[in-house]
Each structure stands twice: as C-alpha cells, then as structure tokens.
Amino acid sequence: MNIIINGQAENIAGENLSVAKLLALKNVEAPDMVSVQLGGEFVPRADFETAKLKENDTVDFLYFMGGGGGGGL
Amino acid sequence: MDFTDEQLERYSRHIILKNVGVEGQEKICRGRVLIIGAGGLGSPAALYLAAAGVGVIGLVDGDVVDRTNLQRQVIHFTPDLGLPKVESAAAKIRRLNPDVRVHTYHTLALAHNIAGLIKDYDFIIDATDNFPAKFLINDACVLGGKPFSHGGILRFDGQAMTYVPGAACYRCVFTAPPPKDLVPTCAQAGVLGAVAGMLGAIQAAEALKYLTGIGEMLTNRLLIFDALAMNFRTVKMRRNANCPLCGREPRITGLADEARPVCDLKNAKH
Chain C
1 MNIIINGQAE NIAGENLSVA KLLALKNVEA PDMVSVQLGG EFVPRADFET AKLKENDTVD
61 FLYFMGGGGG GGL
Chain R
1001 MDFTDEQLER YSRHIILKNV GVEGQEKICR GRVLIIGAGG LGSPAALYLA AAGVGVIGLV
1061 DGDVVDRTNL QRQVIHFTPD LGLPKVESAA AKIRRLNPDV RVHTYHTLAL AHNIAGLIKD
1121 YDFIIDATDN FPAKFLINDA CVLGGKPFSH GGILRFDGQA MTYVPGAACY RCVFTAPPPK
1181 DLVPTCAQAG VLGAVAGMLG AIQAAEALKY LTGIGEMLTN RLLIFDALAM NFRTVKMRRN
1241 ANCPLCGREP RITGLADEAR PVCDLKNAKH
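Read top to bottom, the protein sequences are chains C and R. For the first sequence, counting from 1, position 69 maps to 69 in our numbering; every step adds exactly one. For the second sequence, counting from 1, position 233 maps to 1233 in our numbering; every step adds exactly one.
Hints listed in this document are in silico derivations from the structure and should not be mistaken for laboratory results. Don't take every hint at face value.
Claimed, not checked - Calculated cross-link-like contacts (lysine-lysine; reagent style DSBU-like; alpha-carbon spacing at most 30 Å):
(1) R:LYS1236 - C:LYS52
(2) R:LYS1018 - C:LYS26
(3) C:LYS54 - C:LYS21
(4) R:LYS1180 - C:LYS21
What the hints assert, rightly or not - Stretches of chain R that chain C covers, calculated by requiring three or more beta carbons in the stretch to come under 8 Å of a beta carbon on chain C:
(5) 1130 to 1136
(6) 1157 to 1169
Ideal Cβ placement from N, Cα and C applies to all residues, glycine included.
Assemble the whole structure, with the sequences as input and the hints as a guide.
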C-alpha cells in the first residue's frame, strides 16, 4: 500500500492497516507521545486501533515537544 | 509617532523593507509583546524584539539564572548567576534599546494569574519548558482571544505554531498533556543550544509579522525542524471538531493548573 508518511512516499506491506499497527511498524515506541493526523483530520487516541489506512493516504506523526530551554531544558 | 533622527537610523534596515516602512516600524514601536519564560526560547526572542523596538516587552519567569542555563540562554551572562532571570533579561534589553519599556513578572504563569498577565499585551510568546504551562497558555489565550506563538524544542528538534482567534489551537493538535512518566526528564533529554536560538528567532519573527500585519502567520500549520538533518517541514492542519477547548462541544471552559513535573537538574543528578 502506497502512503505518504511524514511527507515521504512509502510502500507499506499489508492491508487493513490500523494507525496503531502503522505506529508499531514505524517503531514509534511511545504512541502516547504522538498525535496522528490522517488525511488532514486528527485521529482521536482512542481510535488508533480502529482507524484504518487506505491507498494514497497521507499520515503525519506530530510529536509532543515540551522543551523551551528553561530551567531544565 | 514622530521618529527622531537616531530612531530613523536605528530602525533603518526595517524601514527600508518595502513591506515594513515607517508605518510598520511605528506599529512595532507601539506593540506590546509578553514573553512567558526567559530561558532558551525567551532569550533570543526578547533580544530580537528589543532590537526591533517593540514598545513594551513583558517578561514572566519565576527562576533565577543557573550555570546550566548559560549554554543556550543567551540573554544571561556569567556575572548574572543567581539573579532573577526577568531582572537579568530586563537589564540587557534596556542596554540594547532604551526605547523599549520592560515589565517584569518574577512569577510562574499559573491558572490564577495568567489572564491578568496576558490581558494588556497584543501578542504572547510561549517560551516555557513544560507541558502544564504550554497547555495553560493555550487555554488562556484561546479563552481570552489573544494570539500567541507556541514553541517546543527537544534535543536537535523544534516545533512552532501560531494561534490567532479562529485558527487551530494547540489542543486541536495535542488534546491533553502526555502521561508524565513518558516525558523525558529534563536532565535526560538535553538540547543543542543553537536549536533554542533558531526557534526563539522564529517566534520573534511571528510576533513582528503579527504587529506589522505582513506575510502569512504560521497558523493552521505546525512547523517541525530537525537540526541534525537541517530539514524543515510544515504540516497543514485545520481546527479539530473534537478539540476539548475550541471544538464543537468544549469540555474545557475555564483555567486550571495541571500537575507540574519535577524539573530540576540538581535533583535529577541525585
């Protein structure tokens, strides 16, 4: 299946692929630290297992970034 | 506003820009920007906004200058160790540009004071280093109808987005703070000092664009960069109908403090 992940065209083997499965395939270790946009819509975290990808979908993984160079960072 | 000859000279490289001109520089000089966090992002943002001649710069920070800050917080110098960051930063701003009025707030931004802090400012810069503060600034700005720039950095990466009323907010992207046990402790993560400079300068540019009304704000887009690859990308987005703050059925209608992580290098070393 051809999809665009984070701006890069990729071919991912498998059908009926869920967002959760894709995160695992892409070695995203902490899915709770990522917000997923699929075809321009944010996927609620509770729907990661049920939201499915289809041919030519665009997926973006947007990571939490909390630093601001203050006391600790 | 009548510029003196000295001011015309000081701001000449802005005034010569065709989109800015005398009119744009006047808007900058009448502008009021609040910077929350006088650290890695706040330092460069404050220096550029001061140099640009922003009329009033407010600085909010409850911390004092620590030796570990000096690797990236470029508004603080070695003799400033132990000084409140807002005082150290205010002193540099005044020396850089006496036209600028600086207001200092030596406090954390919290649910009980944030609405009062932001209310007299035209644009807010989130230069904080923790999620409770980032979500609080978003909520206060959305509920108060104030534009703001979000910035986050980690290791070699940075992200930024700008909110103006009507655009997607931080909670449209990141619904709620991540589980605390997954957030890398400050001491573990680290950050390349220059990455803070890159992002703080982006936030200052957004504030200046907002004040002058030029260009396209970084709204409905998340800018992501990776300084190791030196790759920049913007991801388009739109308002999230399920956003708990600005969606169709808002669940958040007031301000609250989230639990703050322990974020102290001295403790983390033990």
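Verification of the hints:
1. R:LYS1236 - C:LYS52: Cα-Cα ~21 Å, so holds.
2. R:LYS1018 - C:LYS26: Distance ~46 Å between R:LYS1018 and C:LYS26 Cα, so the pair is violated.
3. C:LYS54 - C:LYS21: holds, 13 Å
4. R:LYS1180 - C:LYS21: holds, 24 Å
5. 1130 to 1136: It holds, with 3 qualifying residues against the three required.
6. 1157 to 1169: holds (count 3)
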